[in-house]
Every structure is written in structure tokens, then in C-alpha cells.
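Respectively, the protein sequence lines represent chains A and B.
Using our numbering, you'd call the opening residue of the first sequence number 45 and step up by one each time.
Using our numbering, you'd call the opening residue of the second sequence number 283 and step up by one each time.
Read the hints as simulated data drawn from the structure, not as lab findings.
Warning: the hint list may mix true and false statements.
[Said to hold, decoys possible] Here are some, though not all, of the chain A residues that point toward chain B, as calculated from beta-carbon distances under 7 Å: (1) E70; (2) P89; (3) F100; (4) N102; (5) R109; (6) S110.
For each residue, glycine too, the CB sits at the ideal point set by N, CA and C.
Here is how the chains run, residue by residue.
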Amino acid sequence: MSWRRDLAKLGALFHQPKPVDDLEDEIRAHLEMEEQENLESGMPPDEAHYAALRRFGNVTLAEERSREMWGWNWAETLGQDLRFGLRMLLKNPGFTTVAVMTIALGIASTTIVFSVFNAVVFGQLRYGHPERMALVWAAEPRGRFTNPPAPVYLAWRDRATAFESLAALADTSFDLRGNPPVRLGAAQATANFFRAVDVQPELGRAFTEEEGHRGARVLVLSHSVWKNDFASDARILGQTVVLNGAPWTVIGVMPASFSFVRNDDLWVPLELGPNHPMKHSSLLVVGRVRPGSSLEQANAQLQTLQGQVAAEMPQVAASGLTSVRVMPLKEFLLGANVTHMMSVLLGAVGFVLLIACSNVANLLLARGTARRKEVAMRLSLGASRGRVVRQLLTETGLLAAIGAAVGLLLAAVTVRYIAGLPVLQAPGAPSVAVDAGVLAFTMAVTCLTALVCGLGPAWRVSKVQLTESLKTTAIGADRHRRLRDSLVIAEVALSVVLLAGAGLLVRSFVNLLRVNPGFDPADLLTMEVSLSRYQEPAAIRGFYHEALERVRALPGVEGADLCTTLPLIGWNYGIAFRSEDQPKDALQRQSANLQVVTDGYFQTTGLPVVGGRSFAAQDTAASLPVAIINRHLAQRLFKDQNPVGLRLIVSSPLDRGAEVARQIVGVAADMKDERLNEPASDDVYLPYEQSPAPWEYMVVRSHAKSVTLVPAIRTGIASVDRDQPIEDIASMQQRLDESLSGPRFAVALLGTFALLALAMAAVGIYGVMSYIAGRRLPELGLRMALGARPVELVRILLWSGLRLALAGCAIGMAGAFVVTRAMSSAVFGVSPRDPLAFTLALTIILAAAVVATALPARRAASIDPIVALRYE
Amino acid sequence: MAKQPSGDRIELVYGSLDMLILRTLRWGPTHGHGIAKSIERLSEETLKVEHGSLYPALQRLQQEGWITAEWGVSKNKQRAKFYRLTAAGRRQLVAETSRWERFVRAITGVLKPAESEEGQ
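If we strip away everything but chain A, and leave its shape as in the complex, we get (with noise of 0.2 Å):
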């Protein structure tokens, strides 16, 4: 039937008159008819017309019901409402800008959280069911895991029927011919990694298996480098290009939005036959489940899988892999640490937007209370309580979305400031912006902020007794107090919580401040030169040592050495080892980072030899194969022995696996490897012209500009080979500040939220007390014609405001131990119940509270009782 009443409404709005139109006389006949059988009933004339009233209730709700019955009065009323609302915040210019520019702070903070997060969270997550998607790895049962060699790779895709694909990807590079030339990043993956990803070409097409078995010279190109590389050519399907000196076809190029893991530049085929020297690589296995199993279901699976491959392979049982993790993508790429500071992050700024609402909400309780009067004579003219709670919220609805107007605007600018830091240049990530994510987001809260702050108000305002209110100001009870005072309450210790958790993250940053590097960043310029068509280790040698002898001989340069890794650079090459006290297998369980390093490189960073000696120019290819190991290791190995003359047995990439056993010359300091904020780990040093490696980042200590020496080692080293490309330079100081720059962002705002939260809890408190000085303004005038100093009035009130602060802090303790213990893997070298940091929160908060409280008992305190009593 419900056709039916549509058409009725349409009919209603387009015919007039409209059949509720005659209403008013219909009720009015209504009512004479009563009064008529009133009178014929026998009662006086009066009598009769007030009963007959008394009879029908109330008209105008009468009317008004009538009226919406026919539906389509609710945009009417809207209208009405909001032209009402805009005039009484007009009225008010004081009110609505405090009240503004609260709700703009508290959704401007939202806002610009959220959208870190979107960008963050679900940006590197685009991918069709990033649920079903993982990483496979092959586990020690005790829980270390590695990549899988081919062959376990193999195994795995042929026999895993919980996946849809299995998918696996290889490290390489090539140089592309150019000027200046460029190195290219690239992964070899096999053919349905596409599928695994569920990303397709958006020019051309992928790679089949075909080409991959036969190991066709095709490529897919990333969007960027199509773009920067190519100038976005539209023909660039089928062209040739040229990499490491050979020609390769181009047959795609994938979406701007589309990169998995790392920046890869490019992907070319991964040849796995049973005779490709691939065969024993490490690989980075993606897989996808179908869409009927689970995770848990493919790991269980694979975890049988890895017992029957561990039983057929006996490198695999030796190595001690005989197990899988199946590692789900979400955690592979956001990580504890990221999902632990967006939380931390997200629970602020939910902090600051209820600290917000409840100030909002104080100030419209506040704003009820004067508007009583008005509100009683809409009730008592017959307007429903609904009718005027629905009035109230849409003024509250009005502020909040001029709030949130104004918000986003603040949230836009600062986006925009904050998208260019390097922090948020996660590989993978898309750049930090409002989109139409963080608009939906955005509506959603402050549709949310206007509800949890009108409602109870609105509800509050509209119970008024008429008779009361509409006599003149009555002192009756304050009716409101206790939900002002717990508003207070509220906001304090949610304050409590925000400052505690900011003072965590400052000692923290200051504790990272602190850490010594291991090395000395001034005056160090740092960058990858990686040779990618060099093979035979004398041509790798010759180039190098070419390289830096041109280099070395630059005015102002003090020194020039290579290194596999740099400090802080986030990865680097492994090392199996080990003593030769420990048993054979003890190889396959250690490992350290690698460094294969030039004579001089210790002298050039800075980073101490503190026993035996440095490598030097006696060690060469045929002379004693050496090695120098870090403190650490040092410790951990030999306890308090001096390793120097000991022997260490290691095994690497660089001598193809085998087992080499080399005298321990010197120990080095330790250096921070990969981040600041982790303890020491196993180093070991191998001399450069023992193990050439063609993977090389060159360090350069020079007090020349690097605006003048870049240049001259782009010449230098391009006089010796014009087509090798130099990648990633950086002074080891921008390095050291770009380590800091997640903490540094993460204190910063954290900080700036709760300095905001402290403000308006001020605010808050201040605008309360203001009030209750107010309302006890003749009271206090009594007190002083009866002999009262003002001390003693600014106790009494000083009292009434502190007691709200007190309470707010000791919830706010309790609270802040709670959830400060989340962020324990947050924070560095200090306790998340620090005392430094939760007495300062507790004396900046009451220090505020006492200032906010003050102002206004002072003010009251002062004043005239002569005026105070008149105050009525």
C-alpha cells in the first residue's frame, strides 16, 4: 500500500489547497460540537469551552501531528529550525566562535590522524582481499625464518592446494642506458605473481608462464618510471630498452597505485629450471588463498608440506628450516610498530575530540540554563518536547558542521604541510591527503560530535518545569551540576591520560637523541655505487679501485671507502658463522650482518677499532684470510677471551658457501645497523680485497660542499665508466635525521594533541567556574556584608573548581597506567609508568586548573556586595 501513500504525498504537494489546509476549521467545528453537548449537558458557559479543550489535549501538537502525517512538512521544519538556529548563533557571536573553534580544533585533529592512517593502513593494503593474501617463509620450529631457497619454493607451489598462486619474487637490478644513466630496481618474479596480487597491467600485460620458463627478455614497467624514465610515452609497448648493455622488450606497465613490498622499478620473468644457477637464491614467496580456505588452513598445510620437503632434502633438514610461517600481508607491512603508533595516535585524537565535545556540551548546558525561559514558552505554547529537543539538536547540528567546516579547512592546510615529510614516504604508501575516505570519516564524526554533545543537553534544557521558569530568574538548585561537574571530571583526566602519554614519547625521543650511532656523521657523504655488469671479480676490483682513486684524489677529500651497508639504511646482508669450539651445525643457526669494507674505512666513519688492528694493505686476496668482529659478538663468542688471533669459521654468498675460516685481527665499537632504538647486534668485517663484492655504498669524508663534491664524483666516476649510475646520496647526518623523523613526528603530534587537550580542559574548567561564580554571586555578596574577606571567597571558590581537578587526575592516573602500558613497544629506554612523566602531566594539568580556577573566584572576590547582592 505504501505506493499508494507516496502518490497521496505527491498529490499533496503539487495540488492545492493541501487536504490538511481545512484543519483548522475542522478542529474548530470539532471543538463547538463539544462545547454544544457540553452545554446541553447542563454545564455554565465557561465551563463548557474549557472542558471541551480540556477534551481534544493540545491543538496545535493536534495540527502539527496532522500535518507530518502527510510527510513531507519534516523539510520544512528543518528549514524553519535551521534559520532559527543560525539566528540565535549570530546572536551569540561570543558563544558560537568559542564553540567553533573547539569542534574545528577536535575534527581538524581527527581529520589529519585519520588520513595518515587511511594513507598508512589501508593505502599499502589495496590490493582485491588483502586477507587472503601472505608471505611464506621457511621457520626454524623455535621461530627464526628466512627466505626459501628455489627449490623449497618449488615444492611448496606444486603442492599447496590451499593457494590460489604462489607466487615468488627475486632481488636484481640494471643499469638502464641513459644520461645520466640510472639504476633500476627490478624483481624477478614468476608469472603468477600478477594473479597473487590481483593487479593486472594497466597498459600492455603481464608476463606468462611461457616466457617465463624460457626466460624471454620482456618487461613490465612501474607507472613511475614510465613516467620519469619515458615521459609517460604512450607507444612504449613493444619498444626496446636497453639494460646491462642487452636489449629487452617492454609489454606493460602497471597502475600508478601499484607497488607490492618495495618500490620496484620494473618486473621481469623468474626462470626457475632445475639447471638455472636461480636454483639455490633466496626468494620472497607471495601467496593467495582461495577463497574457501583460511590463512591458519594454508599454514597448516604448509607446515605438513615443510616436514615431507625436510625429509626429501637434506640441506633443508641441515639448515634446521623444517618449518613455515605463514606471515599474513597486513603484519608484514604495517608491523607492530606502525599499527602500535597509529593506535596510540588515533586513541589521542579520540581524546581530544570527547575533551572537545564535553567543553562544547558545558557551553550549550550553560546556554540552556539562559535560555530556560524561552524554552518553557515554546512548551507551554504547545510545542512537543520532541519537537524542542529536535530544534536544540539542529542548532548543535548547525555549530557542528560550521565546526567542522572550519576543521577541515585547518586539516587541508596542515595535510598538505605534513604528506611532503619523509616520514610518510613509505615504499608503497600513497602520498597523505583528504580524500573522499577521509570526507566519509570526517561527516561521520561530526555527525557523532554533534549528537554526543546536543543530546544531553538538549534533553536536559527541554525537561524545564513551566511554572518555575517562567517566573523571573529563579535560585532554585543548580539542575544541571552534576553532569557539568562530571564533564569536567571527564576532561581532566582524559588531559591526565594525553599529557602522560606525550611526556613518554618526549623522554623517549630524548633517549634516541641520545644514543651514540657508533660512528661520526659530520662531514659524511654517503652513496650506493652498485655495479650491476660486472661479473669476474678482478673487472669488480679494477673498477673500484679506479673509482676511488679518482675519488680520493678530489681536493678537500680526506677519505673515500666502500662498505656493503650503511648504518641505519634499515637492512643488510647476512653472514652464517661460527667458532671453532662450537659444533658443525652451530654454522647454519648464527648469523651476522655482513660487511666487506675497503682499508680505510674504519678511519673514515669514525668508527673505532678497540683491539687488535685495522684491515690494512697486507691483507690482499692471497695473503691470510682475516676478519674483524664487533664488541658484541666479541662478548657473546668468547666471553671475556681476546678473540684477537682466534678463528672464526663463516660461510657467504661471496665464496659461494663455503666454509672459510678466518684469524680475527681486530674488534670493532659497535654501530647502530638498523635503527636507533635496537640493541647491538653481531657484526662481521671482511676485508675488501679478500671478498670483492659487486654491491658497494661509497662513504666520503670531505669538508667540501656537497653541492661542488657530488658533482665532481659524478665526473670522477663516470671518467672511468660513463654508463654506471650512482644511486641514493645522502649525508650520513640527513640519514641519522630521517631515523629520527617517525619519532620525531610521532612526539610532535602526540605533543601538540595534548597540549590542545590541555587547553581546552582549561577552557573547560575556567567556563564552569566562571558560572558557578556566577550563580553564587549573592551568596558571596552576603558573605562579605557579613564580614567575609576576599581571601577567604576566593578559598571557598578556589575549592569548588579544585575538587572537580582533583577528581579528573586521580581518574586520569588510573587511566593513563592502563593505557600508557599499551605503548610500552613504543617508547625507548624508558618504563610506560615513568614517574618523571606522570608527575609532570599531573603538575602541568593542576598548575592549568588552579590558574583557570583563580581568574574568575578573583574576579567574583572583588566585587562590590553592594552589587553582588543585587545582582538578581
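Starting from the known structure of chain A, arrange chain B on it as the hints suggest.
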């Protein structure tokens, strides 16, 4: 604004007002006041109808197409709007009534054992 509680009068169950109005109109067209009086009279003054609450219900029934309205003149020569049951309204009344009877039977069935227990 609170309504005065009156001991022997029963507030209408939500939705039952529609049925009562339709029922009243079965005896012929009448105006709002007449409907209110009929309901009170037929229920021997037990059912309390705040006259004002009739009007929204009358609008709703018009929209559903169960009743129509036109202006006319009452017994006392007063101008009044007369409501008339439509065919659809008649069908609706039958459906509503049988639904209501089922409802009443069910409630009575539930309440009976309790009464007999009390009686013991």
C-alpha cells in the same frame, strides 16, 4: 503537561485507534467529533480517546486510501467534515479485526493459567 491518570479509563494500544475508527465508520459517514463520541459510547466510556489524537489518525487513513473526506452539514446545522469508509477500508477492517481477535485469543490463552493459579 502531564496527563491526569484516570483510574477506570484505559489508554489505547498503539495502532488500535485505526481499527476503531474504521469500525465506527461502518455505520455510515460521520465527522471527527461523532467518531470520538461513538468510540466512547460503544466502549461504555472505558476507552479514553484524547480527541486531538484522532486527527493525525484520520489523515493517515486517508493516505492509505481507506477513508475519504468531504465537507457537509451536521444534525445541528453545523459545517463539518464527514469521513466515509472506502472498499479498501472495508477489506482492511476485516483483516484488522481478525488479526485483533487472534491477538486477544493469544493473550487470553497466556493469562488464563495465571488466573486459575491465583484462584486456588
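Verification of the supplied hints:
Checking E70(A) against chain B: minimum C-beta separation of about 5 Å stays under 7 Å; hint holds. With a cut of 7 Å, the hint placing P89(A) at the interface with chain B is violated, because the nearest CB-to-CB distance is about 17 Å. A distance limit of 7 Å between C-beta atoms decides the matter here; for F100(A) the minimum to chain B is near 4 Å, and the interface restraint holds. At about 6 Å, the closest approach between the beta carbon of N102(A) and any beta carbon in chain B falls short of 7 Å, and the interface hint on this residue holds.
This hint holds: R109(A) has a C-beta 4 Å from the nearest C-beta of chain B, less than the 7 Å allowed. Satisfaction of the interface hint for S110(A) is found here, the shortest Cβ-Cβ separation to chain B being roughly 4 Å, below the 7 Å cut-off.
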